[in-house]
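Engineer: This is what each chain is made of:
2 protein chains.
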Amino acid sequence: MKLNRRERIAVDMDNVIADLDLHCINWYFQKYKKYVKKSDLYIRSELKKEVLDFLFTPGFFLDIPVMPGAHKALVELSQRYDIFIVSAAMEFPQSLSEKYAWMMKNFSFISWKNLVFCGNKSIIEADYIIDDYPKNLDSFNGKGILFSAAHNLTLYTYLRVNNWNDVITLFNKEKWT
Amino acid sequence: MKLNRRERIAVDMDNVIADLDLHCINWYFQKYKKYVKKSDLYIRSELKKEVLDFLFTPGFFLDIPVMPGAHKALVELSQRYDIFIVSAAMEFPQSLSEKYAWMMKNFSFISWKNLVFCGNKSIIEADYIIDDYPKNLDSFNGKGILFSAAHNLTLYTYLRVNNWNDVITLFNKEKWT
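Note that the protein sequences, when read in sequence, are chains A and B.
261 is the number of the first residue of the first sequence in the numbering used here; add one for each residue after it.
261 is the number of the first residue of the second sequence in the numbering used here; add one for each residue after it.
Worth flagging that the hints you see were computed from the coordinates, not collected in a lab.
Careful, some of the hints might be misleading.
The list cannot tell twin chains apart, which means a pair is met if one copy fits it or any two copies do.
[As the list claims (entries may be wrong)] With a straight-line Cα cutoff of 25 Å, these simulated PhoX-like cross-link-like pairs (lysine-lysine) come out: (1) Lys403 / Lys373; (2) Lys298 / Lys435; (3) Lys293 / Lys395; (4) Lys365 / Lys332; (5) Lys373 / Lys309; (6) Lys294 / Lys332.
Just so we're clear, the structure is a prediction, and the values are computed from it rather than from any experiment.
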């Protein structure tokens, strides 16, 4: 089967097509009237706890902003590749139906058949993965692409993209490894 | 990574570890005071529609009976294999949180990290799959095992198990293909 199919890209949700960090910053500003930088979300432990509480709040995932450029890029890539959206959603079980609804609202051109909610992405069979967590690239059998996020900026051993324009440029190259 | 890991079995939920058909029969009996055979669930189209309506009812997935022998067999197999529960849950989005809760209640020894809800099982990277739908075996790169269900009894080209005792017998054989 594998040989007869189009190449597949597994695409993460949080901080890749959904701007989770911006959503947290907006929420923090509304709650505490204080602006927090993306990098501070992952450094100041007291804030991390607050952010985690926010992640478990019902409704949290419903209105995360779409990552700039993600929609246009996935429309373009879906002409040549099978796109699967793969989210480690099991850690936040209340998020399952919200993430499904978010996808239907913001990426309705991607079928529910191409959605995967899992606890561990090593179970994914695809050719490429675009993800902000190195562990998901490390356990992947295909080509891993690290999507820049505040928490991964000091890692230098991965093929990195900073935004969705970079992703399109990468997939438009004739050869890349 | 693949070479360093234990072998993996992807196990379907509905009609494999969860006795979906029995649940539908019990519901039909309660509603219409009439007993329906498992085979009739898939033949009489008017019943199929009713069953489908039932599948979309909130709460439906919460109290499906566990398939006889499934719990004991998975405890045993999990000593030697990594068990992933893989359900095509996206077809029934309201089922996502219910299926998660059902797993935590009935198979709490299986971590949420080993749960996968997807729309299309061809995305699964594992060594074995136990499933009642031939399409999920056809698109799988590893060894497929057809778990007998009323709707698949006339298919003869698959490696078949009739129950969880058969699964244990199969995995205890030294060699099988």
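Engineer: Next step is simple, just say for each hint if it's right about the structure.
Structural biologist: Evaluation of the provided hints:
no.	hint	in the structure
1	Lys403 / Lys373	both (22 Å within a copy, 22 Å between copies)
2	Lys298 / Lys435	neither (33 Å within a copy, 54 Å between copies)
3	Lys293 / Lys395	neither (34 Å within a copy, 53 Å between copies)
4	Lys365 / Lys332	within (15 Å within a copy, 41 Å between copies)
5	Lys373 / Lys309	between (34 Å within a copy, 22 Å between copies)
6	Lys294 / Lys332	neither (32 Å within a copy, 53 Å between copies)
The structure shown violates the earlier hints numbered 2, 3 and 6.
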